[in-house]
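Engineer: Chain by chain, the residues:
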Amino acid sequence: MSRSDPKHSIVSRGRRRFLQLGAALSSALVACRPSSNLSSDQPSFLGGPVSEYGTRSSLERVTRTFRSSLSRENASSRTPLHALEGIITPASLHFERHHSGVPTIDPSTHKLLIHGLVNRPLIFTVDELKRFPSHSQIHFVECSGNGGTHWRQAPDISLQNLHGLTSCSEWTGVRLSVLLEQTGVQTGATWLIAEGADACKMARSVPIEKALDDVMVAYAQNGEALRPEQGYPIRLFVPGWEGNIHVKWLRRIKLVDQPYMTKDETSKYTDMLTEGKARQFSFMMEAKSLITRPSGGMTLGNRGYHEITGIAWSGRGKITRVEISTDAGATWREATLQNPVLPMAYARFRFGWNWTGESTVLQSRCTDETGYVQPTRKALIAARGPSYYHYNGIQSWAIHSDGSVHNVHV
Amino acid sequence: MFMCRTGIAVVGLGLALTSATYGHTQSQRYDIGRTPTAEEIAAYDISVAPDGEGLPPGGGTANQGQSIYAVRCAECHGATGREGPNDILVGGQGTLASDQPLRTVGSYWPYATTLWDYINRAMPFETPGTLSADDVYSTVAYILFLNGLVEENQRLDLETLPQVRMPNRDGFVLDDRPDVGPTAVHPVVASPVSHPRNEE
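If you're matching them up, the sequences are chains A and B in order.
With the first letter of the first sequence counted as 1, position 49 gets the number 49 in the numbering used here; the numbers rise by one all the way through.
The numbering used here runs 1000 ahead of the 1-based position in the second sequence.
Because the hints were derived from the structure by calculation, they are not lab data.
Any given hint might turn out to be false.
[Stated by the list, open to error] Cut-off 20 Å, straight-line C-alpha distance, at most; resulting in silico cross-link-like pairs (SDA-like, lysine to any residue):
hint	chain 1	residue 1	chain 2	residue 2
1	A	K268	B	D1170
2	A	K130	B	Q1028
3	A	K277	A	G145
4	A	K277	B	P1167
5	A	K111	B	E1039
6	A	K378	B	D1099
7	A	K111	B	A1042
8	A	K277	B	V1185
9	A	K277	B	L1096
10	A	K378	B	V1185
11	A	K277	A	W151
12	A	K268	B	P1124
13	A	K130	B	R1034
14	A	K111	B	D1045
Start from the sequences and build out the full structure, keeping to the hints where you can.
Structural biologist: Now the structure itself:
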């Protein structure tokens, strides 16, 4: 049976949905005339009409979550990782982090200025950006604060509320290197500043090497225009790097000869270490894996077979291996990686498991193509002390003998 | 350019592994876009560098900033910058190495120019862009005064603001990860973050 949030109950989900479906159907018979696929001795009814823009079934309830905070504009919402399949996050469920709210921008008037240490400053309309050779790539985005709770405590909360500040999409745009070929790059241009058109004019410094390597100015996500909360009409996309540097609602890029030490690369998103020091420009998100099912708040309703599944990703490149422990890290066995496995993107893993009904701890541990192995929480804290950002320690889910699943530190 | 060279060297480790995935398109000019006017660039360009590049004319003192702070800032940051409910601006010096580090403008921010840039572009929260350059200089002066970093009547302007030495200027090190696991670089010797001016 469900422990706390009935949405997370594995055992009761199918039965409850069936009951909900029955109730919904009987009350909506006249309106939408749904048909049964179980009986042949009943009359059939026509379904609903075509529509201009699709929506999910009204019976689906999974949503982003957000905490009540001082401001809904300077806030974040979290992706329901526990309820998603495969490696692509629907745009409507992509996590959000806004510092001054979601601006309303008309793409017919929005412009991107590139200036500073360039030979030819240029200004582009959104339509002009779309005329350049385009490029699509599947990549994760993760807020560097994702999972940061683990540095200090282990609240008994869901995967979504622990680690939901990450998502993965197909992004389409123009490579920034193509745009910088148009402006030229002067000798001495070692960094650039990317700036948004939101109320706070969010700004970050980006090293020119990364900008010329794989950064893009993106205008589409999962095949359609960016959602407003993802930067409509254009955003910077910086594969493998922390979410904050993917500047949304991009309006300006200035090539400069030094990092500009903006608020979000000094006072925020820097990592407190021991002895009062802090690590700066720790852009890249290191390899991390999460078992998404079973996970916190769910309940295993029966002994026997369960599929353990989850996602793994690395800002350094491809995931090469995911291992599962069903005994609190004492032994590890390799999970199956589902194709495609792409650099700096989610990889979906699966692992068959027979639960004996005894309490235990489930963990996943990933390795990327550089040989980097996802560390334990203890190893991270030993190296850095209790920090704030860039937490990628192994996640532990305790399975109690009643089948309930809980976030724990081991 | 010590900062840049060091920073790139660290970043470069990661890039070498990913560039094969992407490759680069052939260099080509497409004749798309137009040349902005100087006025357009000036209207857009609000960036302020740690060395003061980009700071506008004008100036102000903590005395002048006190009333601006009280009306425009105190509601979110507290009467003396220590109360919140939003970011604590004042205090915390000497706490960064403790179990309860308090990261404020005075204890943590490495450059005073960052405070000017951020207030100018993003504050007050609900009405950014409504403070004049003089207002921003004065508010910055007041917050720095509350942190004991400038005198009450010390005028801050495009010349003097970058000269304010923040206590945590040398408190940052560059990215030396991986710092754990089989690929970690041992022993960990992180390079301090330094600004070009410090090298000159």
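Engineer: None of the hints should be skipped; say for each whether it holds.
Structural biologist: Status of the hints after comparison with the structure:
no. : hint                  : result
1   : K268(A) with D1170(B) : holds, 16 Å
2   : K130(A) with Q1028(B) : holds, 16 Å
3   : K277(A) with G145(A)  : holds, 18 Å
4   : K277(A) with P1167(B) : holds, 12 Å
5   : K111(A) with E1039(B) : holds, 15 Å
6   : K378(A) with D1099(B) : holds, 17 Å
7   : K111(A) with A1042(B) : holds, 15 Å
8   : K277(A) with V1185(B) : holds, 18 Å
9   : K277(A) with L1096(B) : holds, 8 Å
10  : K378(A) with V1185(B) : holds, 18 Å
11  : K277(A) with W151(A)  : holds, 17 Å
12  : K268(A) with P1124(B) : holds, 18 Å
13  : K130(A) with R1034(B) : holds, 15 Å
14  : K111(A) with D1045(B) : holds, 14 Å
The structure shown violates none of the earlier numbered hints.
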